[in-house]
Amino acid sequence: MPVMSYIQAVTAALQEEMQRDEKVFILGEDVGKKGGVFGATKGLHDAFGDDRVLDTPLAESAIAGVGIGAAMYGLRPVAEMQFADFIMPAVNQIISEAAKMRYRSNNDWNVPMTIRAPFGGGVHGALYHSQSVEALFANQPGLKIVMPSTPYDVKGLLKASIRDNDPVLFFEHKRAYRLLKSEVPEEDYVLPIGKADVKREGSDVTVITYGLSVHFALQAAEKLEEEGIDTHILDLRTVYPLDQEAIIEAAQKTGKVLLITEDNKEGSIIGEVAAIIAENCLFDLDSPIQRLAGPDIPAMPFSPTMEKNFMINPDKVERAIRELAEF
Amino acid sequence: MPVMSYIQAVTAALQEEMQRDEKVFILGEDVGKKGGVFGATKGLHDAFGDDRVLDTPLAESAIAGVGIGAAMYGLRPVAEMQFADFIMPAVNQIISEAAKMRYRSNNDWNVPMTIRAPFGGGVHGALYHSQSVEALFANQPGLKIVMPSTPYDVKGLLKASIRDNDPVLFFEHKRAYRLLKSEVPEEDYVLPIGKADVKREGSDVTVITYGLSVHFALQAAEKLEEEGIDTHILDLRTVYPLDQEAIIEAAQKTGKVLLITEDNKEGSIIGEVAAIIAENCLFDLDSPIQRLAGPDIPAMPFSPTMEKNFMINPDKVERAIRELAEF
Amino acid sequence: MAQNRHQSLGLTDEQAVDIYRHMVLARKIDERMWLLNRAGKIPFVISCQGQEASQIGASFALDRNADYTAPYYRDLGVVLAFGMTAKELMLSAFAKAEDPNSGGRQMPSHFGQKKNRILSQSSPVTTQLPHAVGIALAAKMEKKDFASFVTLGEGSSNQGDFHEGLNFAGVHKLPVITMVENNKYAISVPLDKQIAGKNVSDRASSYGMPGVTVDGNDPLAVYEEVKKARERAINGEGPTLIEAVSYRFTAHSSDDDDRQYRESAEVEEAKKNDAIISFAAYLKEAGIMTDDQEQTIRSEIDATVNEATDYAEKAAYPEPESAYQYVYEE
Amino acid sequence: MAQNRHQSLGLTDEQAVDIYRHMVLARKIDERMWLLNRAGKIPFVISCQGQEASQIGASFALDRNADYTAPYYRDLGVVLAFGMTAKELMLSAFAKAEDPNSGGRQMPSHFGQKKNRILSQSSPVTTQLPHAVGIALAAKMEKKDFASFVTLGEGSSNQGDFHEGLNFAGVHKLPVITMVENNKYAISVPLDKQIAGKNVSDRASSYGMPGVTVDGNDPLAVYEEVKKARERAINGEGPTLIEAVSYRFTAHSSDDDDRQYRESAEVEEAKKNDAIISFAAYLKEAGIMTDDQEQTIRSEIDATVNEATDYAEKAAYPEPESAYQYVYEE
Ligand SMILES: Cc1ncc(C[n+]2csc(CCOP(=O)(O)OP(=O)(O)O)c2C)c(N)n1
Ligand SMILES: Cc1ncc(C[n+]2csc(CCOP(=O)(O)OP(=O)(O)O)c2C)c(N)n1
Ligand SMILES: [Mg+2]
Ligand SMILES: [Mg+2]
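Those protein sequences? They're chains R, E, U and V, same order as listed.
Counting along the first sequence from 1, when you hit position 134 you're at 134 in UniProt numbering, and nothing is skipped either side.
Counting along the second sequence from 1, when you hit position 242 you're at 242 in UniProt numbering, and nothing is skipped either side.
Counting along the third sequence from 1, when you hit position 140 you're at 140 in UniProt numbering, and nothing is skipped either side.
Counting along the fourth sequence from 1, when you hit position 229 you're at 229 in UniProt numbering, and nothing is skipped either side.
Note that these hints are calculated values from the structure, not bench results.
Some hints here could point you the wrong way.
[To be verified] No farther apart than 16 Å at their CA atoms in a straight line, the calculated lysine to aspartate or glutamate pairs in the EDC-like style are these:
#1 R:K33 <-> V:D256
#2 E:K42 <-> U:E285
#3 R:K23 <-> U:E142
#4 V:K193 <-> R:D51
#5 U:K284 <-> U:E294
#6 E:K308 <-> U:E319
#7 V:K115 <-> V:E98
#8 R:K33 <-> V:E263
#9 R:K316 <-> R:E222
#10 V:K140 <-> E:E22
#11 V:K140 <-> E:D50
#12 U:K173 <-> R:E222
#13 E:K33 <-> U:D192
#14 E:K42 <-> U:D258
#15 V:K193 <-> R:D50
#16 E:K33 <-> U:E263
#17 V:K140 <-> E:D51
[What the hints assert, rightly or not] Computed Cβ-Cβ distance ranges for the label pairs, DEER-style:
#18 E:R319 <-> V:D255: 39 to 45 Å
#19 V:P320 <-> R:K223: 22 to 28 Å
#20 U:D292 <-> R:D51: 53 to 59 Å
#21 R:F283 <-> U:E321: 27 to 33 Å
#22 U:N235 <-> R:G39: 34 to 40 Å
These figures come from a predicted structure and were not determined experimentally.
Think of the CB as a built atom: it goes at the ideal place given N, C-alpha and C, for glycine as much as any other residue.
With the hints as constraints, model all of the structure from the sequences given.
Spelled out as structure tokens, the structure:
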């Protein structure tokens, strides 16, 4: 099986889906000749031409809105937002239109569109190239939000998103793009949207997280194993709507829960995860539900001293798990 | 003390602040001659003229963005979004700009702006004139979100918002506008932003909520009193950032917590409230943290049969409290 | 010379009368909705009155069996012309289960019907414009011969989506026709407080497309411009912006009181140019409609509206639990 | 006749040379930042190279002690002219605590400095435009005699905020001057894929304001247009849209490789019109700058840039905990 980086898995999924279904096309800023500012669409313009890899004017609401129209016709647009931070001008189209189309038309119209965007920090991106924006959308029935943590998951989930008949926000961790590599099958496969995935079985402490933090948790878990602390890790994969069953099961498994997000703490999606647990299996818990998150400041500052302070890292995770284990 | 409706309290606060400080001005759609589609700015155009009660072109991002610029200069704009649902086109200006201005400029610039918008359902407003949009913004450090539940609170909190040196989103429940009336002092007073308020002391079950649901809870509590169930009601008043101390205290008070929002359940701000409790006072609880919320469908449908199904009402609250009391 | 205008535009006598019939039908449905609202039977109305000529004139210039339309809430005339029936519209007004627009989920006049290629519309204004551009993009990509037709109010032309959508269409030379129905008001705000330029059609030059302002009270003038625009669209010459100028006869909606912000004299003056009167006069002058025929048309329409109303009033509401359906594909 | 251009525009000889000095200073700071970036000392650069003439020419036409400016990330020239120092800019490049723009919180070239009336800017493009309109609204409401000056790229003129902001300014006749710095690319996307119209300045008619396209490589031509616009602004005649056409000499930023999408021959060709060369020639022809004087200016600037770099490199980073400050008023 070939080893791929996280971003290569993105490109592979796009390429295969475009090959498979000629209704699939890409639109966004600099996705054409340049192949995207991170290179996610590299080679696709050469392979599929101007029409199917469309450089748009610099206007996110149009990218989303034109995509919605094309999707209503029956095409399968895959729109790229250059950075998740720049999805903001498209919020009205995404929330008022894409999310509500099927519902408001009583199942007459639908929007089979995927919107990809790189999110997350740790890349000297400062306030506007580092944000986690999922919480903004994680209260909008009609939307699905997928946030994969490994190259394998990227390929299977991006294909599933493109084939989904409803709008999917697909957020890729930009620091994972080149940092993470793993084996990815060359064959066609899809992974189920809406299902969380156990990334590590364990019996002492349950960690529930998503995105790059899954890796921080895995790294921490490995270290803690030496101390005899056995960590269970659930990767949410889809952060909206949440996989309640898997969350409850994972919480019950150890009775001690650590929730991790790179987002600002207050109002992040792990608050909802905590609420699900507190509502459904409170009496299975042996300790308070702990949350490890970014501080409640607008976003990651540029200066390295401050950025480091903001980011989640394996050490922070390790400490938090140990504390819970010792509780 | 005069009795005022909820919307009269809005108008009174606006009028008094404009009188008090000539830097205060109003901008929005139809706020001038028409006095707003609900009448919140009625009479103000006559009293203060074209310049200070400004009818803007139909463009929410400009309303927010021009307001931000004027606020940076030192004016105190009070912007009206005609319906909370129509704040979406302004999300980029609010989140990327207003919320982050003080932080990103290292305290050099700030945005003393208030954005008012009517939210909430039960008025045959259907999908786009009924939404609760607070969760969308309740993850954005730099913003404050105020959602008063009584005419008294409206006046005190709106004045405080206008005088605040940071951006405040002020959401008014549109069904409360004419439904709720109470005594409101004629004098000048402000209420603290960021503080929750105990609306009823009780010892059996704690209800934590905000907006119109506070009244549903009060009505339910009154009925339940006859059955010997004593309900404690905490009105959040500011839903971001949350008053953690008050939440913890209220939860500890009875050990049984019901959280209520009119918003869709998943991802609503009461998830964060549950998380705060589960993190800080889990062992004080005698029952799971219950949530009563709107269903996870895009928004309130128009048809009366379906709208009723969506809305929170005193009966639903009563049942939920009783269940908890009996737990 | 007035006599031959419709023929020189390529319209048959029957078609010209059919335009009139649609205008009257739109008006009558609209008037009935106000009556029903004032009688407390339906909670909300938002009107097409004053804009029927633009709407029907434009629609007749399109291929109503192939083209797509993304209407806005006043476009009762457009959706009628595209095949929605009076009964269907009344079902929507009463928010009944059978409403094809939304099954009673949306407010009335939030149109949408896939079988007639009417895109589903929301309340936030102007969002439909980029959708129509997306439809046009699909036409280009799939090499299909249809046009995409989108309408909006002049106030709504100040939203960012107008700019972003039209520029996209201009850059990619897409077959989309945008008609701004300039009725001089956006709720209470008059044109001069909405738009800095003189005409909305001046905005076309920003987007490398032709722009034209036309008398929205003249269905044939609107027909002519939309026809030209459609030819350009189908020939790969790209988009067109048309501004149809008329006047809003009613308050903004049943929730509005327009005496708060405009003089009733102004409204009365505008009603003197009611296109339904002037177009009837034209047809008679042209000798293709007699008073009797007019009467017949009107009584047929009354019957249609009565029947539609009765049916819709008696129809069933959606089941409460049906509110949980169709959030996602099922 | 070239000799007297600056005088006939009302610029003294000293001012003309001062424009040149600022252009060179901007260029030299920018070049140094690239060196520092390639040496691994600063993580990011985004350039003004090729746009100095527009930026400095425009700034000199403003009242730099009263007017407000809302620059975008390429406007090193504008902020220098408005009073930000080389040292302050280098502090920002190194993300040091003393950086007056953001205390090291934002990426370099995200300008902002209240004491010089430079509005704080973010990364999402075009958001600053409505802010500048808001400043102009304040000027009108407070009856003050200053103008508001905002810049952006041509690609950014496709954002909704451009449309909404300028229409607001036009309707309310606000004293705001918008200068689009058209450098022919938006990252990799060339002008013809960004904008359907011929010139960005054509968009002015949408907003009831004059629009003009000017040679952005000629600081005096830009000066002249901004000067006129400022007079209009101060006289209550409302806003103006100016398009200054130049070319982006560097890659989009230090993270970009422009060979992916444009020919180096095109870049070389454009550099032949480098305004720093042509304006130096003008000054010499006009007899107001000798080779010696040019040399002196350049060595003074070198010293300034060296000093600024040294200072900034040695300056302290912000305290990690300072990241928690100033979310709200303290
Ligand atoms: C984004 C948004 N903001 C505000 C509104 C409220 N609103 C509904 S219609 C309207 C006026 C529209 O005016 P215009 O575009 O001229 O259309 P008209 O109603 O005159 O046909 C407003 C402000 C809305 N629907 N959407
Ligand atoms: C809303 C938004 N979308 C995308 C980006 C990413 N981005 C940064 S600069 C840029 C191109 C800007 O081009 P132009 O406006 O022509 O300015 P130039 O860089 O050429 O001076 C893009 C797409 C952004 N900063 N903001
Ligand atoms: Mg109008
Ligand atoms: Mg450019």
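Evaluated hints:
no.: 1; hint: R:K33 <-> V:D256; in the structure: holds (13 Å)
no.: 2; hint: E:K42 <-> U:E285; in the structure: violated (50 Å)
no.: 3; hint: R:K23 <-> U:E142; in the structure: holds (9 Å)
no.: 4; hint: V:K193 <-> R:D51; in the structure: holds (13 Å)
no.: 5; hint: U:K284 <-> U:E294; in the structure: holds (9 Å)
no.: 6; hint: E:K308 <-> U:E319; in the structure: holds (11 Å)
no.: 7; hint: V:K115 <-> V:E98; in the structure: holds (15 Å)
no.: 8; hint: R:K33 <-> V:E263; in the structure: holds (12 Å)
no.: 9; hint: R:K316 <-> R:E222; in the structure: holds (14 Å)
no.: 10; hint: V:K140 <-> E:E22; in the structure: holds (14 Å)
no.: 11; hint: V:K140 <-> E:D50; in the structure: holds (12 Å)
no.: 12; hint: U:K173 <-> R:E222; in the structure: violated (57 Å)
no.: 13; hint: E:K33 <-> U:D192; in the structure: holds (15 Å)
no.: 14; hint: E:K42 <-> U:D258; in the structure: holds (14 Å)
no.: 15; hint: V:K193 <-> R:D50; in the structure: holds (11 Å)
no.: 16; hint: E:K33 <-> U:E263; in the structure: holds (12 Å)
no.: 17; hint: V:K140 <-> E:D51; in the structure: holds (9 Å)
no.: 18; hint: E:R319 <-> V:D255: 39 to 45 Å; in the structure: violated (57 Å)
no.: 19; hint: V:P320 <-> R:K223: 22 to 28 Å; in the structure: holds (24 Å)
no.: 20; hint: U:D292 <-> R:D51: 53 to 59 Å; in the structure: holds (56 Å)
no.: 21; hint: R:F283 <-> U:E321: 27 to 33 Å; in the structure: holds (31 Å)
no.: 22; hint: U:N235 <-> R:G39: 34 to 40 Å; in the structure: holds (38 Å)
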